[in-house]
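Peer 1: Sequence:
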Amino acid sequence: MLQHDGALTQPKFLTLAQFGDRYQVSRSTIYRLAQKGAFEIIKFGRSSRIAFDEAEAWAASLPVMGGRA
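For the sequence shown, the working numbering assigns the number 2 to the initial residue and increments by one for each residue that follows.
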């Protein structure tokens, strides 16, 4: 997303499709994660969204496999 001055900004919300594409998870997994409290799904009319900050916090909380050399 671009600001008027050309700088990149992060979106405030992701659609479920954007979330699934970004983190490579299915729609049913998204709903399962939300049900477990990993993040909230917010309704805007008929559209469902996830706050970008919550999505990033969830991703940052995931365990890292392997070690650093």
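Hints may contain errors.
[What the hints assert, rightly or not] Derived CB-CB ranges, DEER-like:
#1 28 with 53: 13 to 21 Å
#2 41 with 10: 17 to 25 Å
#3 44 with 67: 37 to 45 Å
#4 16 with 58: 28 to 36 Å
#5 67 with 47: 40 to 48 Å
#6 52 with 25: 13 to 21 Å
#7 65 with 29: 22 to 30 Å
#8 12 with 63: 14 to 22 Å
By construction, these hints were calculated from the structure, which means they are not laboratory data. These numbers come from a predicted model, not from an experiment. Here a beta-carbon is modelled for each residue, glycine too, at the ideal position from N, C-alpha and C.
Peer 1: A range of 13 to 21 Å was offered for this pair. Does it hold for the Cβ distance of residue 52 and residue 25?
Peer 2: The hinted range 13 to 21 Å holds for residue 52 and residue 25, with Cβ atoms some 19 Å apart.
Peer 1: Should the hint that residue 44 and residue 67 are 37 to 45 Å apart at their CB atoms be regarded as holding?
Peer 2: holds (38 Å)
Peer 1: Is it true that residue 65 and residue 29 lie within 22 to 30 Å of each other by Cβ?
Peer 2: holds (25 Å)
Peer 1: Evaluate the given range 13 to 21 Å for the C-beta pair formed by residue 28 and residue 53.
Peer 2: At roughly 18 Å between Cβ atoms, residue 53 and residue 28 fall inside 13 to 21 Å, so the hint holds.
Peer 1: Is it true that the C-beta distance of residue 67 to residue 47 lies inside 40 to 48 Å, as the hint says?
Peer 2: holds (42 Å)
Peer 1: I want to verify a distance hint. Is the separation of the beta carbons of residue 12 and residue 63 within 14 to 22 Å?
Peer 2: Since residue 12 and residue 63 have Cβ atoms about 21 Å apart, the given range 14 to 22 Å holds.
Peer 1: Should the hint that residue 41 and residue 10 are 17 to 25 Å apart at their CB atoms be regarded as holding?
Peer 2: 22 Å Cβ-Cβ, so the 17 to 25 Å window holds.
Peer 1: Determine whether the Cβ-Cβ distance between residue 16 and residue 58 falls within the hinted range of 28 to 36 Å.
Peer 2: violated (18 Å)
Consistency with the previously given hints fails for number 4 only.
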